[in-house]
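Could you slot chains B, C and D onto chain A? The hints should help.
If you read the sequences in order, they're chains A, B, C and D.
Residues in the first sequence are numbered consecutively from 1, following our numbering.
Residues in the second sequence are numbered consecutively from 1, following our numbering.
Residues in the third sequence are numbered consecutively from 1, following our numbering.
Residues in the fourth sequence are numbered consecutively from 1, following our numbering.
A couple of the hints might just be wrong.
Cut-off 27 angstroms, straight-line C-alpha distance, at most; resulting in silico cross-link-like pairs (DSS-like, lysine-lysine) [claimed, not checked]:
no., chain 1, residue 1, chain 2, residue 2
1, A, LYS184, C, LYS340
2, B, LYS236, B, LYS306
3, A, LYS212, A, LYS200
4, D, LYS340, B, LYS336
5, D, LYS4, B, LYS212
6, C, LYS184, A, LYS340
7, B, LYS336, D, LYS332
8, D, LYS332, B, LYS66
9, D, LYS340, B, LYS66
10, D, LYS306, C, LYS306
11, B, LYS340, D, LYS332
12, C, LYS332, A, LYS332
13, C, LYS66, A, LYS336
14, C, LYS340, A, LYS340
15, D, LYS66, D, LYS173
16, C, LYS173, C, LYS306
17, D, LYS184, B, LYS340
18, D, LYS212, C, LYS143
19, C, LYS336, A, LYS66
20, D, LYS173, D, LYS159
21, B, LYS340, D, LYS340
22, B, LYS4, D, LYS212
23, C, LYS332, C, LYS200
24, D, LYS336, B, LYS66
25, C, LYS66, A, LYS332
26, A, LYS306, B, LYS306
27, A, LYS212, C, LYS4
28, D, LYS340, B, LYS332
29, A, LYS340, C, LYS332
30, A, LYS66, A, LYS236
31, C, LYS340, A, LYS332
Hints in this document: simulated from the structure, not taken from any laboratory.
Protein chains: 4
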Amino acid sequence: MEHKPVYYSEYLELERILNSQHPVSFQEGNTPAHDEMLFIVIHQAYELWFKQILFEVQSVIDIMEKPEINDNSSELQFVVHRLQRVSTILMLLVQQIEILDTMTPMDFLDFRDMLRPASGFQSIQFKILEAKLGLAFEQRHGKAYYTSQLTPADVEIIKKVESQPSLVQLLNKWLERMPFFDDKEIWKNFAGGSFWDEYKTIYENSLGEGEKLNAKAFQSVIFGDDSGEYRALSPKASRAALFIILYRGHPMLELPFQFLNTLIQIDNQLGNWRSKHVNMVRRMIGTRTGTGGSTGAGYLQGAMDKHYIYRELSQLHSFLIDRRRLPQLPQKLIEKLGYKFC
Amino acid sequence: MEHKPVYYSEYLELERILNSQHPVSFQEGNTPAHDEMLFIVIHQAYELWFKQILFEVQSVIDIMEKPEINDNSSELQFVVHRLQRVSTILMLLVQQIEILDTMTPMDFLDFRDMLRPASGFQSIQFKILEAKLGLAFEQRHGKAYYTSQLTPADVEIIKKVESQPSLVQLLNKWLERMPFFDDKEIWKNFAGGSFWDEYKTIYENSLGEGEKLNAKAFQSVIFGDDSGEYRALSPKASRAALFIILYRGHPMLELPFQFLNTLIQIDNQLGNWRSKHVNMVRRMIGTRTGTGGSTGAGYLQGAMDKHYIYRELSQLHSFLIDRRRLPQLPQKLIEKLGYKFC
Amino acid sequence: MEHKPVYYSEYLELERILNSQHPVSFQEGNTPAHDEMLFIVIHQAYELWFKQILFEVQSVIDIMEKPEINDNSSELQFVVHRLQRVSTILMLLVQQIEILDTMTPMDFLDFRDMLRPASGFQSIQFKILEAKLGLAFEQRHGKAYYTSQLTPADVEIIKKVESQPSLVQLLNKWLERMPFFDDKEIWKNFAGGSFWDEYKTIYENSLGEGEKLNAKAFQSVIFGDDSGEYRALSPKASRAALFIILYRGHPMLELPFQFLNTLIQIDNQLGNWRSKHVNMVRRMIGTRTGTGGSTGAGYLQGAMDKHYIYRELSQLHSFLIDRRRLPQLPQKLIEKLGYKFC
Amino acid sequence: MEHKPVYYSEYLELERILNSQHPVSFQEGNTPAHDEMLFIVIHQAYELWFKQILFEVQSVIDIMEKPEINDNSSELQFVVHRLQRVSTILMLLVQQIEILDTMTPMDFLDFRDMLRPASGFQSIQFKILEAKLGLAFEQRHGKAYYTSQLTPADVEIIKKVESQPSLVQLLNKWLERMPFFDDKEIWKNFAGGSFWDEYKTIYENSLGEGEKLNAKAFQSVIFGDDSGEYRALSPKASRAALFIILYRGHPMLELPFQFLNTLIQIDNQLGNWRSKHVNMVRRMIGTRTGTGGSTGAGYLQGAMDKHYIYRELSQLHSFLIDRRRLPQLPQKLIEKLGYKFC
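With the rest of the complex left out, here is chain A (with noise of 0.2 angstroms):
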C-alpha cells in the first residue's frame, strides 16, 4: 500500500480552516471588536463538532435501514459504540459553553449590530440533527418563526431531511420487529399465560394510592388504548423497549439496552445544552431580543421543554417494577438469549 507521504497541515487542510476567520469589525471602516474573533471560532468549533455528530448519526441510520440487522455481526455493537460517541461529543459542547462565557455582554455589544440579522438559529446542522433524531416539523416550538428565520434553501434541506425515514422511527420499527412474543412454542407453558397480562396485574399492585393515572397510561403506552396524542414509539415497539430494559441482564439484550439509554442519554444532553444556552443567552443580552431578532432565551426555553425527542423512552421507566417481582422468564427464553458457547 505505496502512497505520497502526508503533511499533517495539507492532510488537515489548516489552510483553509485557519483562514475562515474574518471578523466583521475588522474591516475597514469598523473599530475591531477583539471577542468578535472569539465569536466566530467558537461557533466554528460548534459547527464541526456538528458534522461529525451528523456523521455518525447517519452511520446509524444507515445500518438501522438495513432490511434486517444481523445480531451476530458487530452492527449493533456500531450502533451503540457511535451513538455513545455522541454522547461525548455533546458533553464536550456543553462544556464548551463555558467559553463563551468568557465574553461580558459590554464585550458582545461592540460587534453584536454589525451581525445582524444573523442568529444560532440558523445553524442548518443543527436543525438537521434534530430532524434525523426524529423531531418531527408538526413537534416543532414556534413552526412558523422557525421556517421565517431560514432562507428558502435551507428550508428545503430541512424538509428533506424531515421526509427521510429519522432514527426514532427506525427504532421503532427496530423494535417491533422483536420475535420473542410472537412465538408461542416459548410462551406455552408461561405461568401467566400472556407475559404483558401478567406483567400488568403485578405493576398495579404495585402502585401507590394516588397513581391511578400511571395505570392509565401504562393500559395506553403498552396495550394502544389510543389517548390520541402523537406518539412515535406504536404499543409493541413500547412493550419490546420495556422488555429489554426489564431484562437486560441476559446477553443477547445488552447491546440493546445499551442503544435505547444511550438515545436517553443524548436527550438528556441536547436538554442541557439548551438549558445552558438559555442561561447564557439571558446572561449576555437580558431580555432584548438576539441578533436574529428572535425573543432569545424565550424561544430557547420553549424548544427546551418541547424537544424531548426520546421522551417516550425515559417515559417506559414510569412503568418498571422491582427484580424480585419480575415474571421469571421460561427457560427455553433465557437459553435463547444466551451466548452459543456455552
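Here is chains B, C and D on its own, set in the frame of chain A:
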C-alpha cells in the same frame, strides 16, 4: 508554635466519615441493593460540599454586614475570591450528577421503596443556601408543599435564616452606598448635567423599532416608576450596578464588577444544576412521584423557572449601550477611580 | 414491606458527616485560617469517593473470585458496569482538584505548619485501592519511604490486602481459562494450523524497518521467551487478551473487550490524577517538602511513571494488525461466539 | 451604521469549514475507515482553538510590548482577562481528548498507515504557542528531532517567532520596572533598613532542619548569586514577583497577582494536556512509533518534564513566609498601593 503530631486519618475524622454509610437494603431481612451505597455516598458528598459552600457564603455575608467595607483593604478581594470558589464548586456538583447517571432506573427500584418518604427535597442545607443567597419565602415555588415536606424543627431553622439579612439585601445596601452620584463637585461640568438623563437618551436612541418595552423597563428599573412587582434591588442600587458594568475598565470598579458577575454565574450554575437534576429524575422515575411523594420533575421544573435569585442583575444587561456611545466621565472622577500610585 | 418512615438527614447520617470538620487553626489560641475548612472538606470528599470506589472494586473481585463465571448470567455485565462507574468517579476526582486550585499558596501557609506531619500520602484507602487493583509492594516507587510514613497498624492493613488476590491476578486467571485455543476440533481445518503462528507471521510482516524490537517484545509477551522482567499476565493470558481485542466484533467478546478497555481507562485516569496532583503540589509548595516531609512533587512524579498497573494491557496494542489482514476465524468458532437465538 | 444583512452560514464561512474533511481512506481504491473522520475533525477543532489561543496571547504580547503600561487604564485587565480565557480554553482541550478515547486502537489501525509520516508533532501552531509563551529553542526537548520533522518553511516560521520578544521576556521587563524598591523616600523609616534583608532573615528562620537547600536557592534566585543555570527571570524581576504574591491584598497588586497566577495555571494545563496526551498515545499505539515515526509517548514524556515555561514562578512559592510574619509595609507605601478615591 509546638503542636501534637497530626495523622491524616485523625485530622480528617475518617473514622466517622467512612463509617456513616448504612444502606437500608443491607439490613437483616432485606435484599442488599448494590447501588444503594452509591446513592448514599453521592448524597453525602453533595452535603459535604453544601457545607463548604455555606461556609464561604456566610463568610461573605459577615464581610458585607460590616457597617463599612474598606475598599483599600482586601475585604472585597475575599468576597470575590470566595464567591468564585463557590462557583467552581457548583461546576463540580453539576458534573457529579454524571456519576448518579451510572445507576439505572431498575437498580434504583431495588431500594427505592425502602427510602420513603425521604427525598432530596429535604436537604436543609440547600434550602438554607437559597435563603442566604436571597430567595425569599414568598418567591419560592410551591410554598405549601415546601413546608409540608420538612420537620417543624427544620422549617424553623430555615425561617430563621430567612429572617436574617441575605446576600442580595446586603448587596443592595452596598450598591446604594456608592458615593459617586451624590458628589455635585464631580458632575458640575458634566455635559449632560445629569449622568442618568444623558444615558437614558442614548439608550432610547439605541433601541430598534419593536423595542418600546425595553424603554419602559429601563424607566421602571433605573428610575423606579413602580411596576408593583417584587424587586430586591432598589433603583439606586440598580443604577450603581449598571454603572459598574459599564465602566468596569477603571481600576476601582474591577472587583465590584467581578462581584456582580460571579453572582450571575452562581445563579446560572444553580440553574444548570436544577436542569440536570430534572433530567436525571425524569430518566430515573419517568413521570412517577419521587421518594418523597413529590411530583418529582414537576417541582424541580417550577423551581428552575422561579428561583433565579440574581435575575435582576442579568436583566441589567438589557440596558447596556456600546462603549463607543458611553458618556465620557468627568476627569476628576476618572482619577478617583484609579490607583493612588500613579 | 412495611418500614419506618425515612428522613433524609437521618438516612444520610448528616449529624455525623457535617460535624466532622474541626480545623486546627480554629482551635483556641490559633488564628483561624479560612481555607483550612476547604482543605478538610475536599479531602473528606476524596475519601468518601475512595470508599465508593473500593466498594465497587471489591464487588468486582468477589465476582471474579468465583470458581467459574457464568457467561450467560449478568455477572460480566456487573463487572464492566461497575468498573465503568469507577472510571466515571475517577474523572470527577481529577476535575475536583480544580477546587483546591482556588486555594493560593499563601492561604495554605496560614495553616500548613499546624498539620505536620500529616500528608495525603497517608491515605490508606488510596493505597488499598492500588493494592486491590494489583500494584504489588515490590513494584511500588519508594518502598522504604512508603512504609516509614504510615503507622504500623496501617502498614499491616495494606500488607493484608496485598496478600489477597488482586484484580490483575484474577484477570490473569480468567483470561487463562479461555477455552477457544485448546479445542482442537475448532481449529483442525484452520489454514495456518496454529492461529498464533499464523498471526506472528502476519504481525512481523507488518513491521517496518526499524521495528525489530517489537518482534522481540511480541515473542516474549505472547510466547513467553522470558525476559526476566516482572509480568502480571502470563503468555496464555496475554494471548487471550490480544484475541479479545482483535475479535471483539463477535458478540461474546464484546463484554470482555469492555472489561479490558475499562481497566486501561482506570489506569490512565489514575495517571491523570497523579499528574494533576504533581502540578498542584508544585504550585502549592514549590520545591519545598510537603506537610508529611515528603519531597512532594518528587514522590508523585516517581509514582506517576511506575504505578501503571495495567500497562501490560495497553502494551498489547503494539501487537495489533489491521482488520484487513486478520486471520479469518473458523466458521465453527464464529457460531459459538454468537448468540444462540439466531 | 448601515450594513449588509448577515447570514449565519456565510458569516462563519461554513462552506469552507465544513468541506475541508477528506479522509484518505475514503479515496477511491481504499477501504473507508469510519473513524478517520473523527480523527480529522478533532484535530481541526484543536487547531481552531490553537488559533484562538494564539490570537489572545498575541494581543497580550502587544499590550506588554508598549513602552509603558498605564496602570490606571484597563490594559492590565485585558492581559489578565485574556490569559484567563486561554486557561479556560486549555481546560476544554484537555477534556476534548476524551472524545478521541472513543476511538479504539483497532479502529485507528484501519487508516493509521495511510497517514505516514504525518504527526501531531507537526502542529506549527502549537510550537508557535510554546515559543510565544517563552520556550526557547535551547530549552526544548529533543532539539534535533524537533527540526527534522518539520518542513524548512515551517522551521523558518518558528525560528522567527523565537526571535521576537516572548511573553516571559516581556513579563521579566515588566516586573523589573516595578518602582517600589528604588524609592528611598518610602523605605527610609523601614524597620529592617532593607526590605529584602529583613525578609531573608525571617525566611531562613522559618526553615526546618533539613531545608538548607532552600536557603541556598533563595539566595540564588532572589539575590542572584549565580548558579549558572538558565533563568528567564532576573533577580530583580523575581523579587518583584515574590512581593506581588506576598502582598496581593493591596488593591494595586491584585491584577498583577492574577497575571502571575494565570501564567502558572496555563503552564499546568499544558502539563495536564501533555500527560493526557501521553496516556492516549500509549493506549493507542502501545510502545510502537507514532505516525510521524516519533517514539510517540517517549517524546511527549520528555517534553512533559522540560517544557514548564513558568516554573520559575511556581518555584517562588518555595520562598513564601506566612502572613503573620510578613514585614509590615511602610504606611506611605500602603497608601500608594490603594485606590485614590478613599
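Status of each hint after checking the structure:
no.	hint	in the structure
1	LYS184(A) to LYS340(C)	holds (18 angstroms)
2	LYS236(B) to LYS306(B)	holds (24 angstroms)
3	LYS212(A) to LYS200(A)	holds (13 angstroms)
4	LYS340(D) to LYS336(B)	holds (5 angstroms)
5	LYS4(D) to LYS212(B)	holds (25 angstroms)
6	LYS184(C) to LYS340(A)	holds (18 angstroms)
7	LYS336(B) to LYS332(D)	holds (18 angstroms)
8	LYS332(D) to LYS66(B)	holds (26 angstroms)
9	LYS340(D) to LYS66(B)	holds (22 angstroms)
10	LYS306(D) to LYS306(C)	holds (19 angstroms)
11	LYS340(B) to LYS332(D)	holds (11 angstroms)
12	LYS332(C) to LYS332(A)	holds (23 angstroms)
13	LYS66(C) to LYS336(A)	holds (25 angstroms)
14	LYS340(C) to LYS340(A)	holds (4 angstroms)
15	LYS66(D) to LYS173(D)	holds (11 angstroms)
16	LYS173(C) to LYS306(C)	holds (24 angstroms)
17	LYS184(D) to LYS340(B)	holds (18 angstroms)
18	LYS212(D) to LYS143(C)	holds (25 angstroms)
19	LYS336(C) to LYS66(A)	holds (25 angstroms)
20	LYS173(D) to LYS159(D)	holds (22 angstroms)
21	LYS340(B) to LYS340(D)	holds (4 angstroms)
22	LYS4(B) to LYS212(D)	holds (25 angstroms)
23	LYS332(C) to LYS200(C)	holds (22 angstroms)
24	LYS336(D) to LYS66(B)	holds (25 angstroms)
25	LYS66(C) to LYS332(A)	holds (26 angstroms)
26	LYS306(A) to LYS306(B)	holds (19 angstroms)
27	LYS212(A) to LYS4(C)	holds (25 angstroms)
28	LYS340(D) to LYS332(B)	holds (11 angstroms)
29	LYS340(A) to LYS332(C)	holds (11 angstroms)
30	LYS66(A) to LYS236(A)	holds (20 angstroms)
31	LYS340(C) to LYS332(A)	holds (11 angstroms)
Checked against the numbered hints given earlier, this structure breaks none of them.
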